[in-house]
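Working from the sequences, and respecting the hints, build out all of it.
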Amino acid sequence: MRFSRLLSTLLISYGAWFADSSLLALPKTLVYCSEGSPSSFNPQVATDGATFNVTRHIYDKLVQFKHGSTEIEPGLATRWDISADGLIYTFHLRDGVQFHETAYFKPSRTLNADDVLFSFNRQRLKDHPYYMVGGGTYEYFSSMDMPNIIRDIRKVDDHTVQFVLHKAEAPFLADLAMDYASILSAEYADQLLKSKRADYIDIEPVGTGPFFFRSYQKDQLVRLYRHPNYWRAPAKLERLVFSITQEPTVRYQKLKTAECHFATEPAPQDIQAMAAHPALKVMEQAGLNVGYLSFNVKKKPFDNVLVRQAIHLALNRQAYINAVYLKNATVAKNPIPPTIWSYNDAVKDYPYDVAQAKELLTKAGYPNGFSTTLWTLPVSRPYNPNGKKMGEMMQADLAKIGIQAKLVTFDWPTYLKKAKEGEHEMLQMGWTGDNGDPDNFLNVLLGCAAISGGSNYSGWCNKEFNALIDKARQLSKQSERAKLYEEAQVVFKREAPWVTLAHSKVYRAMRKNVVGYKIDPFGGDSFYEVDLVDSQGDRS
Amino acid sequence: MIKVLLRKLLLLIPTFIGVSFLAFILIRLVPGDPVMMMLGEKGVSKEIYAQMQANLGLDQPFYVQYFKYIGHVFQGDFGTSIVSNRPVLEEFWDRFPATLELGVVAMILAVVVGIPLGVIAALRRNTWLDYGLMGTSLVGYSMPIFWWGLILIMVFSVNLEWTPVAGRVNAMYEIQPITGFMLIDSLWSEEGLTAWFSALRHIALPAIALGTIPLAVIARMTRSSLLEVFSEDYIRSLRARGLQPWRVTLVHALRNAFIPVMVVIGLTFGSIITGAILTESIFSWPGIGKWLLHSVTSRDYPVIQGGVLLIAGLVVLVNFIVDVVNTMINPKLRDVRS
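Note that the protein sequences, when read in sequence, are chains F and U. Position 340 of the first sequence, counting from 1, maps to 339 under numbering that gives the first Met the number 0, and the rest follow consecutively. Position 116 of the second sequence, counting from 1, maps to 115 under numbering that gives the first Met the number 0, and the rest follow consecutively.
By construction, these hints were calculated from the structure, which means they are not laboratory data. C-beta atoms are modelled at their ideal positions from N, C-alpha and C, and glycine is treated no differently. Hints may be right or wrong, so weigh each one.
Unchecked claim - Here are some of the chain U residues that sit facing chain F, going by a computed Cβ distance under 8 Å: (1) MET35; (2) GLY78; (3) PRO163; (4) ALA170.
Said to hold, decoys possible - Straight-line Cα separation of at most 20 Å, DMTMM-like style, residue types lysine to aspartate or glutamate; simulated pairs: (5) F:LYS476 with F:ASP84; (6) F:LYS470 with F:GLU485; (7) U:LYS45 with F:GLU420; (8) F:LYS125 with U:GLU46; (9) F:LYS417 with U:GLU40; (10) F:LYS125 with F:GLU203; (11) F:LYS416 with U:GLU40; (12) F:LYS417 with U:ASP32; (13) F:LYS504 with F:ASP269.
Put into structure tokens, the structure is as follows:
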């Protein structure tokens, strides 16, 4: 008798150990295996994708990118007018937009112009009561050059806001669709200020987005609940859980055992096995990125365009795509990816041609080559998953034309610091776009002004190129801008300050019952339009 | 005895100053700073860069930064994390229960398994069982946590799929942090026992990985200490009087053999905390170890300094308590010192 009771207890325990069977009764919850802990719950003070992936569900912006595209559509502003000189942007706000009602805040009014003013002035005005809350560093706002672009923001009436600019800035609308331009509640901010808890604005967020904040367990989970009064149709998911899992291989394991429904950024080597798994599916899309090899044109012999061209010819980039990216990328010929408008497909790329490379090198005065250093990326980035391996292949390619390249690397912070100070000769680098505008690549990475900022790693300042992109920045018609950018790409290719290496594809893996997901070209994840279907037979 | 304790307490102050200075200087010797990490591939003008540095107080000379920091620490202010903008102490306490839970479970495992193994080995001295147990414990002792943890994951999580690979509990369960111990809090959740089993499955492998070395140490210590006691005259006379062997071992010998084992248990607790840093990064366990590791890669100076100082404080404190307890229970030590 006693034995059988013991046995049955054991059997029950055994069952409980292996099956989380009661999960089926829970509200419709999607568990998203995300890549890191958010550094904040306010996108204004953050720079990391892990934060934006959370806040994107909590906040809205005046204008937004269409789901899964780089196109701009109305957000909290229903429409906008731009003055003929491109200096005044007038936004008309949507009526009846409700803020989140949470355990810590009950809104008494809907969205109005004060919320817009608060959200921007906090980042803009040094005497604003919220400016120093959270350290006073608004890195995205600064790095998009907003302090030098926005002259003033005016409230015309409760539902109309005017942005007055110092100079015409064609990418301005796209800039406002970025995460740092999220709209917060001014009423909530006032309440916090009165109760001397101002810093909670970045910890317990209140927005207008499709989900509201429920709880955060550090380095473990972020829990969001559906916003029932969202100004668009309410989200299909009732709850959204971010299960913070830094290692891509661990995310894959959790996906297999149904501990999460969705895994971000799978490791390249796992993609085939994932696609073959009966319960999983994999989505892919061309990424908004470029991986490149930057020449420091301020150092000899890279100041010589013939040397740069010779190296471009000598590198077998297709081989890198096969071995380093495991074919999950395409060879790049322009500094912007093909998904961005104004991509110039007529540009002629340098083929892989060792003989011609040698010829050019001889012409440049280096018949026997030379010795130099090649810096290899110490971390796996979306635009280059394995810098070291690629560096070894490049080293072998360069040896064929007599160039002895020593491979150098540092840990990531050191690498960035030394590269920004121009200590390198050849450098592996890359970029993922912020707002889908060509200016965000061509100006940010290759403009003369970006040299002092440190993101023009080549130190390349070409008058012809710079004039073209400067002019394009001030025009507002996309077709006119595109022409100038196309021309700029021709100049870039001729002068070869970089070897354009690859545009890598972006992957997402999920369980088969996740539907409606679209890959965001900017690399983030958004679940507003996602649904879970038929979870029978799935332990989730 | 109070004098002895006071002297020991005073000695802790230079220890802390040394630790704080090392943590402070070492992280600054490595190139790259927090602003650099925030920017990543991006660039900003020199003025904005300098302003961002000034906002973080990084523009001041090194010694000014250090003395300011020490001044704040003495007032109980460990600074503010650059990444999260929250007080370091608050961030520490939010994560510490996870580390403590892992440490306690690992320790329980080590004691509950280690002591009986040591007793068995001592009783079967110089038999194949003794050699087998002690050989295995030597292997356990020498195994790097990193490697051992990965092997456990490979076998039990990936191949057999018995246990999850990472985390503390299935993310579906909404568990309110009451004690911070998942094995306790989960019992209060709506799902009750199911959530508890989920938490148990999650902690099993990390606790085994972390508990293996202390387990081996405890088993070996129990064996040798017990053997030493067995050779004492009073044990011989107990045996001569015809007492049952289990009574001699469990009641009379083990009690005396336990004193050195207790000391070892206390001292290994320090190594459990440091071992937790490795274990946590392998099993994605959201405790202070993982937090510290992340703060190094993001150059979050205040977290690194504060975290190292707090951990050092904890280890020193545990050692101190062990010392005190040891002085109290061991008449020999007590007599000499007073």
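Verification of the hints:
1. MET35: Interface hint status for MET35 (chain U): holds (5 Å vs cutoff 8 Å).
2. GLY78: Violated, because the Cβ-Cβ distance from GLY78 (chain U) to chain F comes to roughly 12 Å (cut-off 8 Å).
3. PRO163: Where the cut-off is 8 Å and the nearest Cβ of chain F is about 6 Å from PRO163 (chain U), the hint holds.
4. ALA170: holds, 4 Å
5. F:LYS476 with F:ASP84: holds, 12 Å
6. F:LYS470 with F:GLU485: OK: LYS470 (chain F) and GLU485 (chain F) at ~13 Å, within 20 Å.
7. U:LYS45 with F:GLU420: Distance of about 11 Å is within 20 Å: holds.
8. F:LYS125 with U:GLU46: Cα-Cα ~16 Å, so holds.
9. F:LYS417 with U:GLU40: holds, 12 Å
10. F:LYS125 with F:GLU203: At roughly 23 Å apart (the allowed maximum being 20 Å), GLU203 (chain F) and LYS125 (chain F) break the hint.
11. F:LYS416 with U:GLU40: Holds, at about 10 Å.
12. F:LYS417 with U:ASP32: OK: LYS417 (chain F) and ASP32 (chain U) at ~12 Å, within 20 Å.
13. F:LYS504 with F:ASP269: holds, 14 Å
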